[in-house]
Amino acid sequence: MKRKLLTGNGAAAWGARLAKADYIPAFPITPQTEIIETLAKWIDTDEMEGRLVTLESEHSMITAAGTAASTGVRVFTATSSQGLLYAMEMLYTVAGWRAPLVLVNVSRGLSAPITLEADHNDVMAARDSGFLQIHCSTCQEVLDGVIMAYRISEDQKIRLPIIVNLDGFYLSFTREPVELPDKEAVDAFLPPFDAGNIKLRANMPESQAVVVLGGSPYSYFRYEMHLAEMNGLNIYESVAGEFKKHFGREYASVESYRTDDAEYLFVMMGSFATKAKEAVDRLRDAGWTIGLLRPRLFRPFPAPTFQKLCRGKKAVAVIDQNLSMGKGGILHGELASALYGHNEMPTILASFIGGLGGRDISTEEFFEMANVIKRSFEEGSTPPPRLLYTDEELREIRKLQTIANVERNSLKGEQ
Amino acid sequence: MNENIKKLKDLPSTHLMGTGTPMCAGCGGLEALHQVYDILGKNTVIINAAGCMTLLSVYPFTPFSGSWIYTAMASAPAGAQGVRDALDILRKKGSITEEEDLQVVVLTGDGSAYGMGMSATSGAMDRDLDFIYLCYDNEGYGNTGQQYSQATPHAAQTATSKSALGFTGYKKDLFSIWAAHKPAYVATVIGSEPLDLAKKIEKAKGLKGPKMIIALSPCPTGWDFDPSKTVDIGKLAVKTGIWPLKEYIDGKVIHTKIPKKRLNIEAYLKEQGRFSHLFEPTRNESLLAELQKKVDTYWEEIENG
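Protein chains in written order, with this note's numbering: chain S, 1 to 415; chain R, 416 to 720.
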């Protein structure tokens, strides 16, 4: 084991290398590119075995990933944002093939307007696909997450693909000290891929992914997928337990930070959760009893764990770095459905939207959110969803619009 | 190169593929697929894209004695890439033997080949993927009721081109587009010319790299003719010069069956309801002349070298 300064992208590439991925179908997209460049370099210089092939689109990339996994090799692939959406048909499809593989998504906001910076609308769009989802908040977690993801995805009780998510820019390009496990230690934790009965060989003809006629067989296979994914709740815990034994690092399905005696909670995902931790510390210094819950496992959704961790709390602020148009925060809705109707659940579950397209969430905004949920609890009514935006930001936008209008008018004058 | 097939009697007398599939009676695509599969044999994996043939394997039945995987409409060649690469990786590792290896075959209709799947096909050829691509071309989106596709010929009536002019576009020259990629092999075939077809598939089987086959597939339901006429119409497609049988290999295009005395294209068109508006209620002389001229021009260029 050694320590190394790695970006989130570098950590993802190391995860694939240590997991001995056989096959890496690739397609470049910002901010994921460093992952495939790193892997390509290692393969070119014989530092890593395996084959990397650049396809002509992410749709093709996920198709090749799925068929290769269905033929019986260990597959790693990575994308972001528009790429994930371009591949969306195949995400659903290869999950239905029960093709185990690891897809790293480097989160980035979706077009339009087109942007490069992070939010979670891309990965949330894959929510119902059958891919499991692990969300990371540090570079160490990215590396460890990829290695754990293979164990979970390839488990005979699951056999579904899995997404390991990290935030573009904030994590993909940020260097952090990362403990690199020895490859022998990883080998001891992660055995070679056992394709089981899913493979293509000349001596054992197999039809995969065939048509079904009628709703009954269709429902059967879709239910099977769901039940397999639900097995992920227990299997995640046992894999995380084993990971801790092997490597000493602990990854609960829901990370809880200073929550034991907390009356109030923030809930958020990804790298911005580290900002929430900072806010929790400062609020605690000011006398608050507040904590943070961060779902690491998002699919399957760890509902029982949330019920346990939220029991007896007064109020919760769910901060979504995504926006479901016409509804609001996706995590907020997920959590509401997980908690509703259970005993001693928080009376206030407030929704906040922030951090879209890489927009920062300031410590002051965390303070304000804490004030809002405390006041709501005292008044006994849930506040309407709030879209985080400051007067200063609005002034800046108005300024841009004024400039645009002046430019347009001056061009008209010239004609 | 294997040259086992020289005469009609060298062709297999029974088909390897099972019967009882949900394809329409008289399906020209299935006719071609039977013949292709006889040559390729069971040590194949077919990577299928959305189309009529997707219904060949319906859970839990399959007519194939080899393997099959259905992908999606746009990306069957990418699926072939994943399978081929995985098999190569397993071979290199010693995890599978040569006997366990498979010939990778893409099977799509014209909707995928001429349109939605073109980018993935171009990519596979660009990467010099070792595979066979069989396109059964019935000149329209047949599985959804024969709407016009990029393979639909000029003037043909389809479910979405029912005017007196029929389809106003022109059939895309997929053979040339494929050949422009300089793959190992490109060929046109038709089920009604089994010897020509078998020789080409036999040749393709012995080559490494992308082997690209377009089978014109007379379609009783889509083209509106009696299922008993599939073979006749296929023969007429060749005799009128509408469907030139040719191959591209080593940078050259060779016509493998040049019709000695080309029949007037009317012989082919008249047999099909999709062209009946050219004859009834009145003959559309100018459109018929235009269609004939297009075929004549093609062959004059070939004949004049």
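Just so you know, these hints were derived from the structure itself, not from any lab.
Hints may contain errors.
[Said to hold, decoys possible] Not everything, but these chain R residues come out facing chain S in the computed CB check (under 10 angstroms):
hint, residue
1, Val-460
2, Ser-537
3, Val-646
As the structure is a prediction and not an experimental result, all values here were calculated from the model.
Glycine residues also receive a C-beta, built at the ideal position from the N, C-alpha and C atoms.
Hint-by-hint comparison with the structure:
Below 10 angstroms, beta-carbon pairs count as interface contacts, and Val-460(R) has one with chain S at about 5 angstroms; its hint therefore holds. Because the smallest distance between the Cβ of Ser-537(R) and any Cβ of chain S comes to about 7 angstroms, under 10 angstroms, the interface hint for this residue holds. For Val-646(R), the shortest C-beta to C-beta distance to chain S is roughly 28 angstroms, which exceeds 10 angstroms, and the interface hint is violated.
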